Amino acid sequence: MRHARGRRGGALSATIGVVGELLITAGVFLGLFVVWQLWWTDVQAGRIHTQVLAELEWPEPPPLQVDDGPAIASEHRDEPPVMEEPADETVFAELYVPRWGDDFVTPVAQGVDKARVLDRLGAGHYPGTAMPGDLGNFATAGHRTTYGKPYHQVADLKEGDPLVFRTEDTWYVYRTTTHEIVWPHEVEVIAPVPGLQAGDPVPELTERLLTLTACHPMYSAAQRYIVHAELDYWAPVEEGTPIELVEAGVQVRGIDDGEA
Amino acid sequence: MYGALWRILPGPAWFRVLLLLVVFVALVWACFEWVFPWLSAYVPINDNTVEAHP
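As you go down the protein sequences, you meet chains F and D in turn.
Its first residue numbered 0, the first sequence is counted upward by one per residue in numbering that gives the first Met the number 0.
Its first residue numbered 0, the second sequence is counted upward by one per residue in numbering that gives the first Met the number 0.
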């Protein structure tokens, strides 16, 4: 290319040379973008998730004792305690999902703004929807690819799979019921009663539901993958750990006198 | 383009290579830090929320 410059090749071949180099540059740029999107955003978000979970400094549930048997939280099916909706960007819960691995945990923060919440703080809670344990629909969004991808394995959930949320003091054990694939504008999936259209009168709420939304198909996000679940029981953290997590060997993180 | 760049750089060949490496790393870092995060807002391959039509 540089040989052509100002020599026999003339202006045409010099131009073609520059265009070729620009195309190569564009190719390298796009390649780097893919590396950044598919790899670096995970690295960055993973670091932030670890950090915000550590900053919660929530107490550890009572330890599992070999002699007395493990401290299993009893299953409460009465009215659960429901926290107030926190300020935007506040990490207010952790989510454990045995189906997604015994080391899976993601922070859950208030809001679904991409840049401020979903790209950084794990799963996000749709403002205005129910809080964990509440009547209605506790609706969350999470990345299925990139940015730490908390909902990466959302399509692996099977009916009955536990989805365990922990706030500072309370466990909420939901069980997967159904999944569906919808278009991005189908907001009725996060309605207090899923399927309720905007403008419809809201009936008296009787169910305590959970909804996860993630992109679908992976790496395209033309649609949304939706998982619905229903509250099975709740338990105070000070009682112990839900049996679902103990049986699956999930390491519950928390601050303790000794090693976690 | 890159031929011209090579010719205007000072010093021996190993120095030019080093210089270009440093510049390349700086450019990649700038892309990772600022350009790509900005660009990704216009590449909706990661959207995961449902929202009403604006």
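No wet-lab data here; the hints were simulated from the structure.
Misleading hints may appear alongside valid ones.
[Unchecked claim] If you only want the chain F side, here are some residues facing chain D, beta carbon under 10 Å, derived:
#1 L21
#2 T24
#3 F28
#4 W57
#5 I71
#6 D87
#7 T89
#8 V90
#9 F91
#10 F103
#11 A114
#12 R115
#13 H142
#14 R174
#15 I189
#16 Y232
[As the list claims (entries may be wrong)] A short list of chain F residues far from chain D (calculated; beta carbon distances all over 12 Å):
#17 Q50
#18 A122
#19 A138
#20 T144
#21 H178
#22 V186
#23 L211
#24 M217
#25 A247
[What the hints assert, rightly or not] Far from chain D, by Cβ distances over 12 Å, these chain F residues were calculated:
#26 E20
#27 P58
#28 E88
#29 D101
#30 D112
#31 D118
#32 E187
#33 V201
#34 I242
Since this is a predicted model, take the numbers as computed values, not measurements.
From the three backbone atoms N, C-alpha and C, an ideal C-beta is built for every residue, glycine too.
Checklist entry - Is the hint on T24(F) kept, meaning its closest Cβ partner in chain D is under 10 Å away? => result 8 Å, holds
Checklist entry - For V201(F), is the shortest beta carbon distance to chain D beyond 12 Å? => result 16 Å, holds
Item to check | Evaluation of the interface hint that places F91(F) against chain D, nearest CB under 10 Å | outcome: 18 Å, violated
Item to check | Status of the L21(F) interface restraint (C-beta, 10 Å, chain D) | outcome: Constraint on L21(F) satisfied, holds at 7 Å.
Checklist entry - Does the nearest C-beta of chain D fall within a distance shorter than 10 Å of the C-beta of I189(F)? => result 6 Å, holds
Next on the checklist: Restraint: A114(F) near chain D, CB-CB cut 10 Å. Satisfied or not?
Outcome noted: 7 Å, holds
Item to check | 12 Å Cβ clearance of D101(F) from chain D | outcome: Given that every Cβ of chain D is farther than 12 Å from that of D101(F), nearest at about 25 Å, it holds.
Checklist entry - Is E20(F) truly not at the interface, in the sense that its beta carbon sits beyond 12 Å from all beta carbons of chain D? => result It is violated; E20(F) is separated from chain D by about 5 Å at its closest Cβ, not greater than 12 Å.
Next on the checklist: For the restraint on Y232(F), tell me whether the closest CB of chain D is nearer than 10 Å.
Outcome noted: Since chain D brings no Cβ nearer than about 28 Å to Y232(F), farther than 10 Å, the hint is violated.
Item to check | Interface hint for H142(F), Cβ within 10 Å of any Cβ on chain D | outcome: 6 Å, holds
Checklist entry - Since A138(F) was said not to touch the interface, does its Cβ keep a gap of more than 12 Å from each Cβ of chain D? => result Nearest chain D Cβ is 9 Å from A138(F), so the label is violated.
Checklist entry - Checking the smallest CB distance to chain D, is A247(F) really beyond 12 Å? => result Holds: least Cβ distance 25 Å, greater than 12 Å.
Violation of the numbered hints given earlier is confined to hints 4, 5, 6, 7, 8, 9, 10, 12, 14, 16, 18, 19, 20, 22, 23, 24, 26, 30, 31, 32; the remaining hints are satisfied by the structure.
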